[in-house]
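Colleague: So you can see what is in the structure, the chains are spelled out below.
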Amino acid sequence: MKPPLVIGLGNPLMGDEGIGWHVAERLAGDPRLPAGAEVVCGGTDLLRHADQMEQRRRVIVVDALRDDGEPGTVSSWEYPGGTGATACQPSYSQLSGLDNRQDNAHCLSAIQAIQLLRLTVPVPITLLGISIPCASLQTGLSPELAARMPAILDRVLTELE
Amino acid sequence: MSKIVIDHLARVEGHGGITVEIEGDTVGSVHFDVFEGARLLEPLVRGKHYDEVAPVLSRICSICSVAHTLTSLKATENAFAVRVSPQTDLLRELLFRGESIESHALHLFLLTVPDYLNYPSAIALSADKPAVVLLGLRLKKLGNLIQETIGGRAIHPVNPVPGGFGKAPAIEQLIELRSALMQGVADSDAAMDLMTTLPPADFCHCDTVYAALRSPSLDSYYAGDEVMAVSDGSRAIVHANDYKTLTNEWAVPHSHAKHSAFREKPIMVGSLARLTVNPRRLTGKLAVAKKRLKLQLPADNPMDNNKAQALELINDVERALEIIEQLLRAGIKGEPPVPVQPRAATGTAITEAPRGLLIHSYTYDEEGRIAAADVITPTALNAASMEMHFRKTVEQSAERDDASLSRKLQMVARAYDPCISCSVHVLRRR
Chain A
1 MKPPLVIGLG
11 NPLMGDEGIG
21 WHVAERLAGD
31 PRLPAGAEVV
41 CGGTDLLRHA
51 DQMEQRRRVI
61 VVDALRDDGE
71 PGTVSSWEYP
81 GGTGATACQP
91 SYSQLSGLDN
101 RQDNAHCLSA
111 IQAIQLLRLT
121 VPVPITLLGI
131 SIPCASLQTG
141 LSPELAARMP
151 AILDRVLTEL
161 E
Chain B
1 MSKIVIDHLA
11 RVEGHGGITV
21 EIEGDTVGSV
31 HFDVFEGARL
41 LEPLVRGKHY
51 DEVAPVLSRI
61 CSICSVAHTL
71 TSLKATENAF
81 AVRVSPQTDL
91 LRELLFRGES
101 IESHALHLFL
111 LTVPDYLNYP
121 SAIALSADKP
131 AVVLLGLRLK
141 KLGNLIQETI
151 GGRAIHPVNP
161 VPGGFGKAPA
171 IEQLIELRSA
181 LMQGVADSDA
191 AMDLMTTLPP
201 ADFCHCDTVY
211 AALRSPSLDS
221 YYAGDEVMAV
231 SDGSRAIVHA
241 NDYKTLTNEW
251 AVPHSHAKHS
261 AFREKPIMVG
271 SLARLTVNPR
281 RLTGKLAVAK
291 KRLKLQLPAD
301 NPMDNNKAQA
311 LELINDVERA
321 LEIIEQLLRA
331 GIKGEPPVPV
341 QPRAATGTAI
351 TEAPRGLLIH
361 SYTYDEEGRI
371 AAADVITPTA
381 LNAASMEMHF
391 RKTVEQSAER
401 DDASLSRKLQ
411 MVARAYDPCI
421 SCSVHVLRRR
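Residue numbers (this note's numbering), protein chains in the order written: chain A, 1 to 161; chain B, 1 to 430.
Hints should not be assumed to be uniformly reliable.
Which bits of chain A does chain B cover? Going by a derived footprint, with three or more residues having C-beta under 8 Å, they are [as the list claims (entries may be wrong)]:
#1 11-25
#2 34-45
#3 49-60
#4 112-119
A few chain A residues that don't get close to chain B, going by computed Cβ distances all over 10 Å [claimed, not checked]:
#5 1
#6 3
#7 31
#8 70
#9 81
#10 108
#11 124
#12 137
#13 142
#14 147
#15 148
#16 150
#17 154
Pulled from the structure, derived: some chain B residues nowhere near chain A, Cβ distances all over 12 Å [as the list claims (entries may be wrong)]:
#18 25
#19 27
#20 83
#21 122
#22 125
#23 138
#24 173
#25 220
#26 248
#27 338
Keep in mind that the hints were calculated from the coordinates and are not lab data.
Heads up, the beta-carbon is just placed ideally off N, CA and C, and yes, glycines get one too.
Given the sequences, and given the hints that come with them, work out the whole structure.
Modeller: Take a look at the structure:
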């Protein structure tokens with residue numbers, strides 16, 4: 001079994017939408033990162049990381065979340081490992097409360113990717129959604145979200161304990 | 001007056017998808033709304049040194065990060081008159097093939113097939129037909145493996161650099177890729193079998209102008225500096241440096257993407273255009289597959305782009321195998337990148353991203369810093385053509401109810417494999 005993997009999703013060119021990417025970048029250089037844990041700066045397509053997720057003890061996915069929460073609020077969803085066609089039925093959802101619609105013209109959302117990956121990568125996944133105030137073209141985070149970065153990193157590290 | 005509004009293709013901040021106004025039997029305005037980040041990227045690279053440009057612009061898109069990286073490098077190298085080695089050319093073409101396999105597999109199996117079989121999503125499809133989805137995931141994984149092995153990581157490749165390649169793959173890695181591609185041959189054949197069983201999507205016909213890279217080898221996504229436009233039997237060639245005479249862009253109020261037209265007609269780019277411009281690729285197994293798909297070229301049905309992608313899937317796997325054989329025969333070796341001497345100059349590159357022509361054009365100052373940049377993506381090039389085909393779809397539809405029209409419009413939009421959503425990808429609460 002391979003060590004835990006953290007995948008930070010997002011596009012760093014799109015401001016706060018890139019929060020997962022920024023978290024992964026910071027986490028990779030954080031001395032508190034447990035020995036053996038691995039970190040990947042992902043893009044916006046979780047399916048692309050299927051290979052890296054295989055045979056992991058656990059995978060933590062960090063992504064931006066559009067909701068009414070305070071910027072930087074971390075919400076979590078647990079998706080148990082295991083396979084089976086029933087896990088992919090639309091009525092099945094360990095990720096309750098998240099929008100499962102196909103609202104993307106040529107790739108899949110992280111939610112849809114996680115549900116599909118059960119067919120090939122039956123590892124436990126923790127999804128951490130970080131509330132963001134906006135998503136627009138800029139290279140850095142908004143000041144209000146940047147200010148929450150230490151607390152967000154603490155939260156991700158807690159998941160790895 | 002009635003109005004069909006599809007915001008299903010929407011991405012962020014309420015930017016919509018398709019809006020069609022209908023007055024009786026007459027179709028009024030037709031809008032394809034695009035929030036296209038690439039058009040707004042120039043400020044992000046202005047003033048940047050030439051070796052910083054590709055890593056930034058590769059992040060325009062997660063699916064097409066290879067295409068943006070390599071097109072950016074090609075434009076920079078054209079500006080500085082750098083000629084890379086034959087080995088670098090082959091490695092870059094192989095990277096392109098990996099991206100195309102991955103992108104086409106995702107599009108065909110996870111987005112298009114559910115449309116044809118009346119499933120709301122790939123997740124729903126996987127419950128009834130897991131083998132179909134698994135086939136698509138295997139092909140997507142193959143494309144990812146090529147990109148990771150050659151590009152140096154799963155996304156936003158680090159090995160391609162100005163003047164060459166950072167680290168060439170080891171012989172053992174190429175042999176491993178070859179084994180995976182041999183399985184991919186069977187899988188791409190199975191994909192073709194599946195495509196021949198799909199119900200026809202025969203609801204939009206009209207003459208279309210196709211534009212694609214005219215590759216010197218007749219089969220390249222990367223090499224070449226000429227675009228051929230094909231329309232109604234006539235052919236025109238445009239050099240990369242004259243790309244503005246191909247695009248003739250103009251702004252429209254409902255979209256962040258400018259529209260393009262060649263000789264006052266919208267152009268369609270992508271797989272169907274590539275096969276139309278380079279029909280001599282379709283020999284042997286591909287010719288048989290084309291016949292099985294009942295694909296006529298030039299086509300008058302934009303839905304045929306899905307068939308063209310299935311053909312390219314087979315071709316990409318075979319071409320990737322050929323390139324690996326070439327590299328193994330020649331003996332892959334570590335090569336230092338060709339030295340780059342910056343100068344004040346403009347360089348333009350045109351390549352074939354999975355969904356069509358991709359144009360990067362940069363003007364550098366004498367220190368090798370960007371003074372001006374222009375990036376034109378396939379979806380922006382296709383926008384006017386999409387609106388034309390949306391209009392024809394509504395005009396030619398016997399069914400006039402919103403549900404039927406909406407489904408057809410979305411299928412036409414998806415056939416273009418548009419890239420309107422890749423820059424932003426947030427989770428949303430219900």
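Colleague: Each hint: holds or not?
Modeller: How the hints compare with the structure:
1. 11-25: Result for this restraint: holds, n = 5.
2. 34-45: holds (count 5)
3. 49-60: holds (count 4)
4. 112-119: holds (count 4)
5. 1: Residue 1/A is indeed farther than 10 Å from all Cβ atoms of chain B, at 20 Å.
6. 3: Answer for residue 3/A: holds, closest chain B Cβ roughly 17 Å.
7. 31: The claim stands: residue 31/A keeps its Cβ more than 10 Å from every Cβ of chain B (closest is about 23 Å).
8. 70: holds, 14 Å
9. 81: Non-interface label stands for residue 81/A: nearest chain B Cβ at 17 Å, farther than 10 Å.
10. 108: violated, 6 Å
11. 124: Correct as stated: the minimum Cβ-Cβ distance to chain B is 18 Å, above 10 Å.
12. 137: Its Cβ does come within 10 Å of chain B, the nearest being 5 Å, so this is violated.
13. 142: holds, 14 Å
14. 147: Label holds. Min Cβ-Cβ 20 Å, cutoff 10 Å.
15. 148: Since the minimum Cβ distance to chain B is about 16 Å, residue 148/A lies beyond 10 Å and the statement holds.
16. 150: At roughly 22 Å from the nearest Cβ of chain B, residue 150/A sits farther out than 10 Å, so the non-interface label holds.
17. 154: holds, 21 Å
18. 25: holds, 29 Å
19. 27: holds, 22 Å
20. 83: With a cut-off of 12 Å, residue 83/B remains clear of chain A, as the shortest Cβ separation is near 31 Å.
21. 122: The assertion about residue 122/B is violated, with a minimum of 6 Å to chain A.
22. 125: violated, 9 Å
23. 138: Its Cβ does come within 12 Å of chain A, the nearest being 8 Å, so this is violated.
24. 173: Residue 173/B clear of chain A: closest Cβ-Cβ about 14 Å, beyond 12 Å.
25. 220: holds, 23 Å
26. 248: holds, 25 Å
27. 338: Label holds. Min Cβ-Cβ 29 Å, cutoff 12 Å.
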